[in-house]
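Chemist: This is what each chain is made of:
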Amino acid sequence: MKKDTGKYLPLIPVFAVYLVLFLMGKNMSGMWQLMAMLLFYCALGQAFNIFLGMTGYVDFGYVAFMGVGTYGMALSIVHLAHYEVLGAWVIVIGFIMAILFSTILSLAVGAVALRLRGAYFAIATIGVNEGFRFLIEGARIWNGSEGLIFMGELNQILGREAASVLATFWADVMVLVIAALAAAVTLVYMRSKIGYALTALREDEDAAKVMGINVTKFKIVAFVTSASFAGLVGASTWALKTPYVFPPEVFEIHYTIEAIIIVLLGGAGTLLGPVAGGLIYGLSKYYLSIFLPGFQLLIFAPIIICIIVLFPEGVVGMLKKRLRDTALGRYIV
Amino acid sequence: MLDVKDLESGYGPMQVLWKPSLTVKKGNITSLLGPNGVGKSTLLETVFGSVPPWGGQVLYNGVDVTRVPTHKKVDMGLALVPEGKHLFPSMTVYENLAMGAYPKKAMPHREKNMQLVYALFPRLKERSEQAAGSLSGGEQQMVTISRALMTQPQLIMLDEPSQGLAPLLVREVFETIVKMKTDIGLTVLLIEQNADASLNSADYVYIMHEGTIKAEGTPEEIKGSSEIREAYLGI
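Note that the protein sequences, when read in sequence, are chains A and B. Mapping the first sequence onto my numbering, position 216 (from 1) lands on 216, and the numbers just tick up by one. Mapping the second sequence onto my numbering, position 55 (from 1) lands on 1055, and the numbers just tick up by one.
Chain A on its own, in the form it takes in the complex (with noise of 0.2 Å):
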């Protein structure tokens, strides 16, 4: 077994890139958009790396979980703004609905669907997704399909002056500090009784059982927690930097695909696999998209094609294999 000291050192490279993107943003003009969407695409790929990664189970309604943290979020902000007593405390209870919303949907929908294995698992959580935003669309809860506006009640508790600085800057702020806690949950989950429990069962589910592992417990505790990391990616990346949700918007199954390709481009259940693919991903589809507009897609899919055929394990699931055993490898896990 390793040492317990440097258990937590492959945290320093992770770290390390979102204070280079921090920096970035902040000092280099021009540069906070693209150091933004970088940062949103390396928490969404560490938050979602929780369940995907590490059970190799694959959701596909995963959006919803950000779907409802923004709703909890806008929720609190739309309902609490003429408390004056509570001023920006009301973005902490944002927070924390954001957190309960995506914690409770998430119960719900693991306790039924992490009963089914493999591509039923899958087909059964794009109905959650779908399901839920017609849920609110048809039966007008939250305002329908007529959704969410509250940049007004924003304005009410912050201040116009602190509330724009809110939405172009905090929020990305918030954002990257959720992936670093994403990635210190992630690591600390590796290093714990529920890692290797993880491991073995996305290895066979079946031997998992026999070995003991009560498969069923450890599989909710990963949803759950992914599931709260995008409620808070939600919360902070939509709700606070755009001050109104509709349910086409949050509900759109195109921010799952892109989680999918996250983790997978950077190597599933490693930790620092979503930063990287959060890296490749953010930059293809900026620099693509300005220097062949239109073509972006048409140049995208072959890029990816060749990193999965390349690095089927994703890039740092490569990396790791290379560096095992050499003093570099002790940081990339």
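None of these hints come from the bench; they were simulated from the model. Warning: the hint list may mix true and false statements.
From chain B, some residues computed to sit far from chain A (all C-beta separations above 10 Å) [what the hints assert, rightly or not]: (1) N1028; (2) R1123; (3) R1127.
Below, in silico cross-link-like pairs of lysine-lysine (DSS-like), each with a Cα-Cα straight-line distance of 25 Å or less [as the list claims (entries may be wrong)]: (4) K321/A x K26/A; (5) K1214/B x K1072/B; (6) K193/A x K1179/B; (7) K1026/B x K1005/B; (8) K1181/B x K1104/B; (9) K1072/B x K1125/B; (10) K321/A x K7/A; (11) K1112/B x K193/A; (12) K7/A x K1104/B; (13) K1179/B x K1125/B; (14) K1179/B x K1105/B; (15) K217/A x K1005/B; (16) K285/A x K26/A; (17) K1026/B x K321/A; (18) K217/A x K1214/B; (19) K1125/B x K1026/B; (20) K1072/B x K217/A; (21) K7/A x K26/A; (22) K1104/B x K193/A; (23) K1223/B x K193/A.
Think of the CB as a built atom: it goes at the ideal place given N, C-alpha and C, for glycine as much as any other residue.
Take the given structure of chain A and dock chain B to it, following the hints.
Modeler: This is chain B only, laid out in the frame that chain A set:
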């Protein structure tokens, strides 16, 4: 040690077990024989809890464990070596064995059990750093059996351990099973289609047919009865 009483279970609307009953005595090798599709594996999986029971009772050391979840049964000292080679392919042999020590009560005995397993299968020690998926079929079977031993069981249930192995390896597997009884003092419940080898190593034999127990006896009694042999074993 293990008493199965009128157990019933199945898949969806299809009932597979029609109230078989059997007893596994402590320190014995009990063998369950029968052709394909009579419910032998289902019986083991229902006992273990991976297939939910519909009715009947499973007693382990006198305690009713019929509806105890699988992971708790492992804590109580039950181990199952599932059919086919369910190992963790990309982990090394060592890591596979270490995973076996996952239950809390097995953790403190990890090094001791590891030595025990390596003594039983010296070949695994040589291969300890290899990915388990790259081993030969026989070696993989050794890993799955060893990994079950790492959980510190009292009763080990083996589902067709000789399936798909070369005749020479089949003998080795059966020798190991006898060693588990004599050297480690384990109780064994063994499912087999290989009637010959099974009859030679078991202390007591049950014969299963169409979801129930059709005959039972010592290996000598089974071998001596031509009716049983012809009707159920075809030897």
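Chemist: Now tell me, hint by hint, if it's right for this structure.
Modeler: Hint check results:
1. N1028: Fine: 22 Å to the nearest Cβ keeps N1028/B off the interface.
2. R1123: holds (20 Å)
3. R1127: holds (18 Å)
4. K321/A x K26/A: Status violated; Cα separation ~35 Å.
5. K1214/B x K1072/B: Not OK: K1214/B and K1072/B at ~31 Å, beyond 25 Å, violated.
6. K193/A x K1179/B: violated (32 Å)
7. K1026/B x K1005/B: holds (17 Å)
8. K1181/B x K1104/B: At roughly 24 Å apart (the allowed maximum being 25 Å), K1104/B and K1181/B satisfy the hint.
9. K1072/B x K1125/B: violated (30 Å)
10. K321/A x K7/A: holds (18 Å)
11. K1112/B x K193/A: Measuring from Cα to Cα gives roughly 21 Å; hence the hint holds.
12. K7/A x K1104/B: holds (22 Å)
13. K1179/B x K1125/B: Distance of about 18 Å is within 25 Å: holds.
14. K1179/B x K1105/B: Holds. K1179/B to K1105/B sits at ~23 Å (cutoff 25 Å).
15. K217/A x K1005/B: violated (30 Å)
16. K285/A x K26/A: Distance of about 21 Å is within 25 Å: holds.
17. K1026/B x K321/A: violated (46 Å)
18. K217/A x K1214/B: Violated, at about 39 Å.
19. K1125/B x K1026/B: violated (30 Å)
20. K1072/B x K217/A: holds (13 Å)
21. K7/A x K26/A: violated (31 Å)
22. K1104/B x K193/A: holds (10 Å)
23. K1223/B x K193/A: violated (49 Å)
Hint compliance for this structure: hints 4, 5, 6, 9, 15, 17, 18, 19, 21, 23 are broken, all remaining hints hold.
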